[in-house]
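Chains as they are written, first to last, in this note's numbering: chain U, 27 to 256; chain F, 975 to 1173.
It is worth saying that the hints were derived from the structure and are not from the lab.
Note that CB positions come from ideal geometry on N, CA and C, so glycine has one too.
Be aware that a few hints might be false.
Unchecked claim - Okay, the calculated beta carbon distance ranges per label pair:
1. F:Leu1046 / U:Pro98: 29 to 35 Å
2. F:Leu1056 / U:Met113: 14 to 20 Å
3. F:Leu1056 / U:Phe114: 17 to 23 Å
4. U:His116 / F:Val1032: 37 to 43 Å
5. F:Phe1162 / U:Phe185: 23 to 29 Å
6. U:Ile190 / F:Ser1079: 35 to 41 Å
7. U:Phe185 / F:Leu1171: 45 to 51 Å
8. F:Ser1133 / U:Trp220: 23 to 29 Å
9. F:Thr1142 / U:Leu42: 14 to 20 Å
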Amino acid sequence: MKKNGNMAILIKGLLLENPVFVLILGTCPTLATTTTVIGALAMGLAAAAVLICSNVVISLFRKLIPETVRIPCYIVIIAGFVTLVQMFMHAFLPELYDLLGVYLALITVNCIILGRAEMFAGKNSVGKSALDGIGMGLGFTLALLSIAVIREVFGSGSFAGMEIPFLRDHTVDFLVKAPGGMLVYGVMIALVSWLTHGRAPRKKSFSCAGCASAAYCSGSCDGAGVKEEA
Amino acid sequence: MDGFKNIIMIIMSSVLVNNYVLSRFLGICPFLGVSKKLNQAAGMGVAVIFVMLMATAVTWPIQIYVLDRAGLGYMQTIVFILVIAALVQFTEITLKKFLPALHKSLGVYLPLITTNCAVLGVTINNMTDGYGFFESMASSLGCGLGFMLAMVLFSGIRSKIQESEIPTPFRGLPVTLIAASFVSLAFFGFAGVVDHLFA
Chain U
27 MKKNGNMAIL IKGLLLENPV FVLILGTCPT LATTTTVIGA LAMGLAAAAV LICSNVVISL
87 FRKLIPETVR IPCYIVIIAG FVTLVQMFMH AFLPELYDLL GVYLALITVN CIILGRAEMF
147 AGKNSVGKSA LDGIGMGLGF TLALLSIAVI REVFGSGSFA GMEIPFLRDH TVDFLVKAPG
207 GMLVYGVMIA LVSWLTHGRA PRKKSFSCAG CASAAYCSGS CDGAGVKEEA
Chain F
975 MDGFKNIIMI IMSSVLVNNY VLSRFLGICP FLGVSKKLNQ AAGMGVAVIF VMLMATAVTW
1035 PIQIYVLDRA GLGYMQTIVF ILVIAALVQF TEITLKKFLP ALHKSLGVYL PLITTNCAVL
1095 GVTINNMTDG YGFFESMASS LGCGLGFMLA MVLFSGIRSK IQESEIPTPF RGLPVTLIAA
1155 SFVSLAFFGF AGVVDHLFA
């Protein structure tokens, strides 16, 4: 195995194949938990933990799981790890557990995790899948953090709970509300698409492979990505 | 009478004020993916309402009579997602066998719903909020209707977007999200409506 190949697997999750900004997976937690930096960090790390564990386990079992029932199998494995993370956080980090609320349980249906299982872990070796999990998990966490920093600093005039002198008195409340989240997310996607300018793989080329429902939907979900003419 | 009022309040608040898509961000993926055309949006909406009601009708008794009694509350996530997945498959097979016409129009949307976080979200939220059976059903109906309302409204806006000139980096998803943001802003106008419904 070349060092180069492994590094590439690890790094691609950070920008070029960033799960949030480029693959557009896992939009629900991205919008819901980014009102505070702490919440975004907790969500990102919780999802990353589940992603790494499930990637490794799914990769280990990839030859045992029959093709036709793989989606239910993946979901059970993922739900198992989500429950572990839930119990761990409930026991040791009760404040974060309350902060994330239902979104913690919803990691189960987060498209990133099922998407990576389907796109990567089901086809690659254990080591590569673990690297992919780490890279994608970090990319997810960084993406959530970047949105959360904008929303918290300008929306509530604080950073990770610490108040910022001037901004504290001049907050843009809109940003911490639901519409602000969508607006910031939309602008961030546009920014990343402008920065990577064509180097990032076109969403359409793997939109359906990455979508959790790809096995059934036969292409009706392509509208989520870049439009056909783009 | 109070019970009836309560049910109406739950439905109204989950359709308008706490709209799952626009203020709680559940079910964003199908909202962005399947809202391109009006008929698709409506079909998906009906399918979601149907699955939400079925899922609640099954998961509520399971939680109260099985998991809670056996002290297995922590199994909630695993059991619920399996129940939903099985239910969706079962519904699809039943529709295909007995109502092929309905299956043809609704069937393609059903499998998509297994991993729709709105369905898992509503079943878990009903438990967290401590709703009784009928309140849970009302809240599921409200959330489903809210989802459908958001989808249908948004499909109209999207058809307008597709005809307009948009700067290249904003094409596709970014402009869709920004449009969704304005729709969500409009729904803010409903805050407070429910509190004064019977006042």
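Structure-based check of each hint:
1. For the hinted restraint 29 to 35 Å between F:Leu1046 and U:Pro98, the CB-CB distance of approximately 20 Å leaves it violated.
2. Taken as a hint, the range 14 to 20 Å holds for the pair F:Leu1056 and U:Met113, whose Cβ atoms sit roughly 18 Å apart.
3. As the Cβ distance of F:Leu1056 to U:Phe114 is approximately 22 Å, the hint placing it in 17 to 23 Å holds.
4. At roughly 25 Å, the beta carbons of U:His116 and F:Val1032 sit outside the given window of 37 to 43 Å.
5. With their beta carbons about 26 Å apart, F:Phe1162 and U:Phe185 fall inside the hinted range of 23 to 29 Å.
6. A C-beta distance of roughly 53 Å is found between U:Ile190 and F:Ser1079, which places it outside the suggested range of 35 to 41 Å.
7. Judged by the Cβ atoms, the range 45 to 51 Å given for U:Phe185 and F:Leu1171 is violated: they are separated by roughly 40 Å.
8. Distance hint check for F:Ser1133 and U:Trp220: the Cβ-Cβ separation is about 26 Å, which falls inside the suggested range of 23 to 29 Å.
9. Here the CB-CB span from F:Thr1142 to U:Leu42 is close to 18 Å, well matched to the stated 14 to 20 Å.
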